[in-house]
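Engineer: Listed below, chain by chain, are the residues.
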Amino acid sequence: MNHGHFLGARLQVRYTLGRYVTHVSGPTEVQLLLDIRPVTQNPGAPPLDLRLVIDRSTSMQEESCPGSGKSKLDMVKDAVREIIDDLGPNDCLSIVSFDQALRVDLKRTHMDAKGSELAKTAITSLVAHGNTFISDALREALSPNVINGHATKVLLFTDGDCTSDPVRDHTALVNLADQARSTQLPMLIYGTGVDYNWSLLRQLSVRAGNGSCTKHIMDMSELREHLRGELAYLRGTAVEGLEVSGLSQNGVQVTGVTRFMPDMHELPSFDSEKAHPYDFFKPSFFKDQSGALDVSRGQQYLINLLVEDYFLKECGLIEINLVGRTTGKLTLFKNFHEAFLVTGLFTKDANLASPVNADVLKIQLMIAAARLAREQNYEKAEDLYRKAGDYTTATTMGRLRELHRTGQRNAVDVARTSQTMTGKAVSMIYTRTPETKE
Amino acid sequence: MLTCPECHTHYPHGSLVCLNDGHTFVQNEDSRQMVQTILRGLPVARALELRVEHVDGITFSGTIPLIVIAKARLNGPPIRIGRRDAKASPTVFPEIDFHNYFVGSTERPPISRIHAVIEVIDNVAQICSASSVPTFVRRTGQATAFALTVRQYHELKHLDTIYLSSPEGRHIRLRVYSPAH
Ligand SMILES: [Zn+2]
Numbered sequence: 000m001n002h003g004h005f006l007g008a009r010l011q012v013r014y015t016l017g018r019y020v021t022h023v024s025g026p027t028e029v030q031l032l033l034d035i036r037p038v039t040q041n042p043g044a045p046p047l048d049l050r051l052v053i054d055r056s057t058s059m060q061e062e063s064c065p066g067s068g069k070s071k072l073d074m075v076k077d078a079v080r081e082i083i084d085d086l087g088p089n090d091c092l093s094i095v096s097f098d099q100a101l102r103v104d105l106k107r108t109h110m111d112a113k114g115s116e117l118a119k120t121a122i123t124s125l126v127a128h129g130n131t132f133i134s135d136a137l138r139e140a141l142s143p144n145v146i147n148g149h150a151t152k153v154l155l156f157t158d159g160d161c162t163s164d165p166v167r168d169h170t171a172l173v174n175l176a177d178q179a180r181s182t183q184l185p186m187l188i189y190g191t192g193v194d195y196n197w198s199l200l201r202q203l204s205v206r207a208g209n210g211s212c213t214k215h216i217m218d219m220s221e222l223r224e225h226l227r228g229e230l231a232y233l234r235g236t237a238v239e240g241l242e243v244s245g246l247s248q249n250g251v252q253v254t255g256v257t258r259f260m261p262d263m264h265e266l267p268s269f270d271s272e273k274a275h276p277y278d279f280f281k282p283s284f285f286k287d288q289s290g291a292l293d294v295s296r297g298q299q300y301l302i303n304l305l306v307e308d309y310f311l312k313e314c315g316l317i318e319i320n321l322v323g324r325t326t327g328k329l330t331l332f333k334n335f336h337e338a339f340l341v342t343g344l345f346t347k348d349a350n351l352a353s354p355v356n357a358d359v360l361k362i363q364l365m366i367a368a369a370r371l372a373r374e375q376n377y378e379k380a381e382d383l384y385r386k387a388g389d390y391t392t393a394t395t396m397g398r399l400r401e402l403h404r405t406g407q408r409n410a411v412d413v414a415r416t417s418q419t420m421t422g423k424a425v426s427m428i429y430t431r432t433p434e435t436k437e
Numbered sequence: 000m001l002t003c004p005e006c007h008t009h010y011p012h013g014s015l016v017c018l019n020d021g022h023t024f025v026q027n028e029d030s031r032q033m034v035q036t037i038l039r040g041l042p043v044a045r046a047l048e049l050r051v052e053h054v055d056g057i058t059f060s061g062t063i064p065l066i067v068i069a070k071a072r073l074n075g076p077p078i079r080i081g082r083r084d085a086k087a088s089p090t091v092f093p094e095i096d097f098h099n100y101f102v103g104s105t106e107r108p109p110i111s112r113i114h115a116v117i118e119v120i121d122n123v124a125q126i127c128s129a130s131s132v133p134t135f136v137r138r139t140g141q142a143t144a145f146a147l148t149v150r151q152y153h154e155l156k157h158l159d160t161i162y163l164s165s166p167e168g169r170h171i172r173l174r175v176y177s178p179a180h
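Protein chains in written order, with numbering that gives the first Met the number 0: chain A, 0 to 437; chain B, 0 to 180.
The set of hints was computed from the structure by calculation and includes no laboratory data. The model shown is predicted, which means the values in this text are computed figures rather than measured ones. Worth double-checking, as some hints may not be accurate.
[What the hints assert, rightly or not] Part of the chain A face toward chain B, derived, beta carbon under 7 Å:
1) G25
2) E28
3) E313
4) L364
5) K379
Glycine included, each C-beta is placed from N, C-alpha and C at the ideal position.
Okay, chain B solo, but in the shape it has when bound:
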């Protein structure tokens, strides 16, 4: 609890400014230094945040308003995540396709044509890295993400964050929502 020395109004811990008289509860905090730290440590440019719902199947929300993959589909062949490239790989059609995000960009796309797959094994949804460009997974609450090696399977849990390509650079980020929660 904070108390404004000017008007004696109580404010919750963490408040910044008294709305009665503008008294500032923050002193000598060098936020410029903090911003630089963040820029070094976290991806900033061109991150794409998408939502993976794992309710009755998997729901994606992205450039296309909604793609729902039915639960039955999860028991079918692996669902490929990647980037369609009609010129280089005319026969490869990733089911979850991010090529739209890189149209018109002169930079090299950060993800592979087939980057990872989602597969249900023993009734558990798992992600498997399919490319030498890494896939990272971070469990919610953990500070660090770990890299999957190629063909390594990893169980998807509620609120997991998946990074297609390194979280230090340009990447696509997916978040998992599971029905148990």
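Bound-form chain A, shown alone:
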């Protein structure tokens, strides 16, 4: 285990090694847990620029969950009304909706009394009808320039895969995700029902990066809880455009990197098919565009390293670089570039090795559990969550296993829910309760 560091006054970086003293015998794995968070007491609550993209195709008329009596579109409308109530006169909102065609329901408008009246009218007038074609609406939402100092987020609500021209729509969406990446516009994608293309939407949020994520939502309370958290996190944004990279030292290889916020994501290997120019690892290097950092969540990584067996005493493992800029009114020293070397202690004598750090073991177990859940092995996943001490997620896995076994709920729905839950499980460990607006 290693200990806390302050890098300047802006970021607190805490790193923990799997073992304080590692026994080396042949090529040896070392785990490094990195926790990066802004330490400012007053992040200055930046104004928000929220861009809503809402699916109003026919299928949105269906019930959000059996017996609720509320359509999926009603569920989204209710949630958006709550967002509007939460926004202040400095915040901006725009609404684009789509069936096979897009419609701008509200141009970017400040949410003063008049603005929120307009927004609510626009929401009320949404009616479910027609086919699904997402990309034109998303392009429209991405097009306005980012306002300096605003915390910007695109929120996409959908239940469907493109029904009018999927090939054109999918290609366009992937390009738009890259555009969102380069303009640093994170996307929060909510999928509901079972007809939408989960892997496409996941791929979009991975490509868009900068804190983008895709969530599978089963009911209103989940959506409401998640959105409320997101708004509070956004208001706590203290760092923008964070890029985290690591340069492994001589005799050290990076064998895996998992990022935890806002969702668990294993960075692809540089030469794998999923390789991405922005987030990847190779033996000598890893890079991740983490995006905005808020005071409630920060950003965390588990980095797996392989060291050569000649490692003795204290050796440098990896140099971590943090590049980004701070938000808020203080414009001086806005950009930062911090670097530090993580070192480890090594021994050839097994008796001198330290026991494994409980936090690192827990995270490693939860990563394994998430993989098992992805393979629909909910029973094993439940075991591992219990072993890791996360009884809430273990119980959820047990419930999903039952739903899966009895066929009470569609297997697709269960699988997506489990992915959303496993991502949440790890990120919750590091999430402090945000201060919500009165």
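For this one, chain A is given, so just place chain B with the ligand on it according to the hints.
Structural biologist: Using the frame of chain A, we list chain B with the ligand on its own:
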């Protein structure tokens, strides 16, 4: 090399969990006890890690993104490291100033107004303790840091760790990078 008894996959020594089936390679290790040992033996609270690059001069990375002290400057008067205190010592301006780190803290700052100096003597960069609050230096690979006595000079080597104030308590830590490596 470790082999998972459940799926027979090989993992490198030191691995914790089998990613196929969650088999745990770690047994009965009391990590709570370890954490307590560490807390006793090592500084935890409010350590500041900064980086001293000794490439073409000295580079600091801290609250201010980067201060570069040119090589020519190293041959000038000693470079003072300390904490500006406009009230108590209005005429003292340490060139490498950490007072920002202690603004707003009610605790007594762990470092002195002039804590140490860096000076080049016979073409060798050296650190000299300038305060009764100690400066410690630890060579990389060594388990312990030793305290410099006041006005004791000490050659700075690649990857040396300098502790301003005791490494057992609150301190500022600097790491040296030298061009020879
Ligand atoms: Zn196994």
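Engineer: Hint by hint, note whether the structure agrees.
Structural biologist: Hints and how they fare:
1. G25: holds (5 Å)
2. E28: holds (4 Å)
3. E313: holds (5 Å)
4. L364: Nearest chain B Cβ about 6 Å off; hint holds.
5. K379: holds (6 Å)
The structure fails none of the hints (numbered hints given earlier).
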